[in-house]
Amino acid sequence: MSIHSSPPNLSIAPPTVLVVEDDYAIRKYLRIALEAAGYRYLEAADAGTAMKQLASEAVGAIVLDLGLPDRDGIDLLREIRTTFGVPIIIISARGQERSKIEALDAGADDYLTKPLSTGELLARLRAVMRRKQDDSSAEQVLAAGPITMDIVRHQVTLRGNPISLTPLEFKLLEVLVRHAGRVLTHRFLLREVWGSGYGNRTHYVRIYMNSLRRKLQTGEKGQSCISTEIGVGYRLRDDIEPRAGD
Amino acid sequence: MDETTRPSPEALLGYALREEKRQRRGRLKIFFGAVAGVGKTYAMLESARQLAIEGHQILVGYAEPHIRPDTERLLLGLDILPHLQIQYRGILLREFDLDAALRKKPEIILIDELAHTNAPGMRHSKRWQDVMELLEAGIHVFTTLNAQHLESVNDVVAKTTGVRVQETLPDHVFEEADEVQLVDIPPEQLLQRLADGKIYRGSGADAALTNFFTVENLMALRELALRLTADRVDRQRDERLAVSGGTGGTTISERLLVCVGPSPKSADLIRAAARMAKMTHSRWTAVFVETPSLANQDSPRRRLAQANLQLAEELGGRRVILQGYNAAREIVAFARQENISRIIAGKPAASGWRSWLGSRFTRNLIRFSGSIAIDLIREPDGVKPAVPPVRRGRPGGGRAILMAAVTMGLITLVGVLLYHELGLSNINVIMLYLLGVMWLAARFGSAAGIAGAVIGVLAFDYTVVPPYYSFAVSDTQYIFTFLVMLLAGVFISTVTTRLREQELLARNRHASIAALMEMTQAITGATSIDELARSTVKQVQTHLRAQSAVIVAEAGKPRMVHQSNGIQLDDKDLGVAAWVIQNGRPAGALTDTLPLSRFFVMPFRGVRGTVGALALTSESMQELIEPPAIDSLRALCEQLAVAIDRLMFSEESRRAWANAERESIRNTLLTSVSHDLRTPLAAIAAAASGLQEAGPDLDSAHLRELAGSITAEADRMDRLIDKLLRMTRLESGKMDVRQDILPVEELIASAIERVTKHEPHLRIQVKSGADLPPCRGDPELLEQVMVNLIENAAEHGISESDESVVVSARADGGFISVTVRDHGRGIAEDEVPHLFEKFYRSPRNHLRQGLGLGLAICRTIVQLHGGQISARNHPEGGAEFAVRIPVAALDDLPENRDKT
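In the order they appear, the protein sequences are chains A and B. Residue numbering for the first sequence follows the working numbering, starting at 485 and increasing by one per position. Residue numbering for the second sequence follows the working numbering, starting at 853 and increasing by one per position.
Just so you know, these hints were derived from the structure itself, not from any lab. Think of the CB as a built atom: it goes at the ideal place given N, C-alpha and C, for glycine as much as any other residue. Mixed in with the good hints, there may be bad ones.
[Claimed, not checked] DSS-like cross-link-like pairs, simulated, lysine-lysine; straight-line CA separation at most 30 Å:
1) K1609/B / K598/A
2) K1619/B / K1575/B
3) K1130/B / K1199/B
4) K598/A / K1575/B
5) K1690/B / K1609/B
6) K1199/B / K1011/B
7) K655/A / K1619/B
8) K598/A / K512/A
9) K1575/B / K512/A
10) K699/A / K1609/B
11) K1117/B / K1199/B
12) K1409/B / K956/B
13) K1690/B / K1575/B
14) K1390/B / K1424/B
15) K598/A / K536/A
16) K1619/B / K699/A
17) K1117/B / K1130/B
18) K512/A / K1609/B
19) K1409/B / K957/B
20) K1424/B / K957/B
21) K598/A / K1690/B
22) K1011/B / K1130/B
23) K1609/B / K1619/B
24) K536/A / K512/A
[As the list claims (entries may be wrong)] Selected chain B positions facing chain A (Cβ under 8 Å, derived; list incomplete):
25) D1570
26) P1631
27) E1635
Take these sequences, add in the hints, and give me the full structure.
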């Protein structure tokens, strides 16, 4: 979409990640983690520097801490979104669910909660950057982890076993699969599946998601493909092997 | 008497209290003279000048503007407080500026004319009240006063000089003055000064003044002034002697009672009683008996009675209002109860039949009095009471007579029919008439009854007594019949009316007692000042039909707690309340202090001073300060003072307890935090330094292990801090709890996900019924409850067996019940009550870490949601914790689930 985001599959050069974070220790940690994973690392300690970096460098993804010294993080996020389509991952503290939702609604692609875990960070980065590719294609057969969906034939399989879903459950799952690995807010799901005009009735989503999750249980430990980000929304896990050792 | 030789404890105590009060207050010195012109102001200024020379700080607060030239010279060099200039109905008035004086706080202040009445709109209506406030503030006051202005001699002065002085001063102010200096010159000299124009400059030719300043008048007033001063000296000596135990002291020997009526004459009676009490050193009480006929009256007469009682209070008497039908009987009963030795009543001045009628009260008083002495004082005559005469019965006279005429007319018709057509005896016709009279009296009062009797006699004569249809009487025997009929009618009327009045009185009494009971009950039930205020305002609205506001004193400042709908206290009103709280006396409308306020404000006097005030306003303000309203209000305010005292005490002890509790929690917290945060920190530091120093030499397995322990310990610390923060936030009460509709399964699933991140080996079994209704609550908080319970189970339950944690959910009435069970050793019975307390850690669990906050957090959250949490031992072993959360109302759920 954006001219600044380089297509990772064509480019030999590794994608660049811009870290906007005021805390030195966290920046240092992120630098080690990202460079070890093969990304090019750029950093900014405040909003002003971040905007300059964005204007001069081809950035593939942004990791943005909401607590910045010179400006409100959400504000900065909105400004970036007016010009750039680059994927953005938010860093926030636990217990700030409201600002997470606000950031996601303002155009952030995902979030990470402090204290950070390297594994999670890299998985999220992979997920948001993959979406950039998927966006262009309107595929008719989708797959995420153990799930495959045939949109035209209206068929779903879990590890090859067909599952019967109601039309709304099917629609819900389709939205989840299309954004596999990313967190989707209740409001986003409500709008995508039910359409606008349902206001704040996010409990519709919760109730349907509850029955969907039961149908998608992968067997052992009652584990489900759908994980709940409490107070924020849901995420379809794409880190479950298509065929677990059963 | 023996008692006189030894000081009575009361006298000593009273003296000591007065002395103590005196030491804190400023001292009042009065320059006292017979009339204007004797040189009081001059004497005052001269003595002030002397003190100024000695180095005292003097402020002239108020000096008369028409000051004499020689007096004016004395003002030179003294600090003078500017007058307050007030525009009132187009006239420029100069007034003493009390607030400015209080701000300046001089050592001694000079204020002329103590008996002066302030302009409307000033804080107090009388200057002496300003002076009292200055004294309270510890400022010494010099002032001037003429004898004729003293309240108790007001009538004597009026009698001797023919001039009734309007500006009067309550005697207690004069009595309680610390020093009275008599300024005296012979009348002849005074007259000479008047002729020289030294008094009343510019208006010396006034005829009224000339009439007043006669030698006779001046001599009388001079005598009065001298006597008043002498009396004061006498009393002071007596008091000293009473305290020191000397023989000359007179102890209180008599208790006087003065009967007060709704008449202006009573005022003089009260003054006489006050003088008598002063002479005999007696305590005295002014009593007014409210009879039913008076209670039903319109206000003017009652207001007059009220004013008389007010006067009595100002003159140092006690005021009492009794209710009853027979005034004499009530008064004597009260006198017996109070050990009154002497009753003072008015002696009717009128002569002839009016005196015979009017003295019924006096005769009764004497008849009932027994051992109590009765003094009858001649009431002055010639003054017609400026009030309407007492009217009995409810309807106006015209209506009563009309009703009587109609009733009697009907009876006459029936009588004529029965007597002439059916041959009934005339005795029976008389009976009919008497029946009518009785009905009239009962229904419309005695006037109708008596009118009915008269009409009845006439009609009987006209129709039944031969010759028929003529007022002539042929048989003289009938004259006797008429007379008996008339008397019977009058008698029946009187008795019936009295019965009705007694009934009314009883009902009124009952109603006011019931109202008082209800009010006090509502108050004593209150558990907080807020609730108290709310119910007070409600009770006042219901029983007194007045709007009100309750104000409490907090650190000396008034705080409005609750007010009626439709009124809004502003800063000015709170100012009145502040004054009331500070001075412990009523103020505002209907009083002498700040009378322009729309509120009448009464203090609550508790054991530690004034604790608050009640501000009242109503359509008919006057009724509020009349019985029975004022009695109810007094009782209400007393009850409120007690209740507020009680609440404040209990609040204080509660706060002290909470402080102690908080202190102990803080200590526990510090101990726990320092221990629990240090342990992971020590592990992290050790692992990190190991990596730093030996890093390159370690193989990858060891490297990974060290790094892993850093991550795990940091994680643990993070969770500890998170719990602390969560508890703090929950306790601060500043959380807003979301009210989302949530499937419980989602909460459980999400919680399990979170727990297994840290404890990947934990086996958790979920048993939930199909189609559970969703619950209502805050997703994050409720998830936290599940996480804490599962973590708790993992921590306490898994050690001895390999079994899993079991989480089950089921619908249970209006609740969803979630239980978390482990397979550990279970809970000891004595621990159960403490499990959910903050920082509680099982004594059997001393090796484990944790702040002991997890379950406390659970309880707080569950309670916030209107749910319950409990713990027990499962019958098959292990501990089981159960949480019950209310089900969400099912009114806004998605349409029936669509089927494939």
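Now for the hints, and whether the structure bears them out:
no. : hint              : verdict
1   : K1609/B / K598/A  : holds, 15 Å
2   : K1619/B / K1575/B : holds, 28 Å
3   : K1130/B / K1199/B : holds, 21 Å
4   : K598/A / K1575/B  : holds, 15 Å
5   : K1690/B / K1609/B : holds, 26 Å
6   : K1199/B / K1011/B : holds, 18 Å
7   : K655/A / K1619/B  : holds, 28 Å
8   : K598/A / K512/A   : holds, 15 Å
9   : K1575/B / K512/A  : holds, 28 Å
10  : K699/A / K1609/B  : holds, 23 Å
11  : K1117/B / K1199/B : holds, 11 Å
12  : K1409/B / K956/B  : holds, 22 Å
13  : K1690/B / K1575/B : holds, 11 Å
14  : K1390/B / K1424/B : holds, 24 Å
15  : K598/A / K536/A   : holds, 26 Å
16  : K1619/B / K699/A  : holds, 16 Å
17  : K1117/B / K1130/B : holds, 20 Å
18  : K512/A / K1609/B  : holds, 25 Å
19  : K1409/B / K957/B  : holds, 21 Å
20  : K1424/B / K957/B  : holds, 24 Å
21  : K598/A / K1690/B  : holds, 26 Å
22  : K1011/B / K1130/B : holds, 20 Å
23  : K1609/B / K1619/B : holds, 21 Å
24  : K536/A / K512/A   : holds, 21 Å
25  : D1570             : holds, 5 Å
26  : P1631             : holds, 5 Å
27  : E1635             : holds, 5 Å
Comparing the model with each earlier hint shows no violations; every hint is respected.
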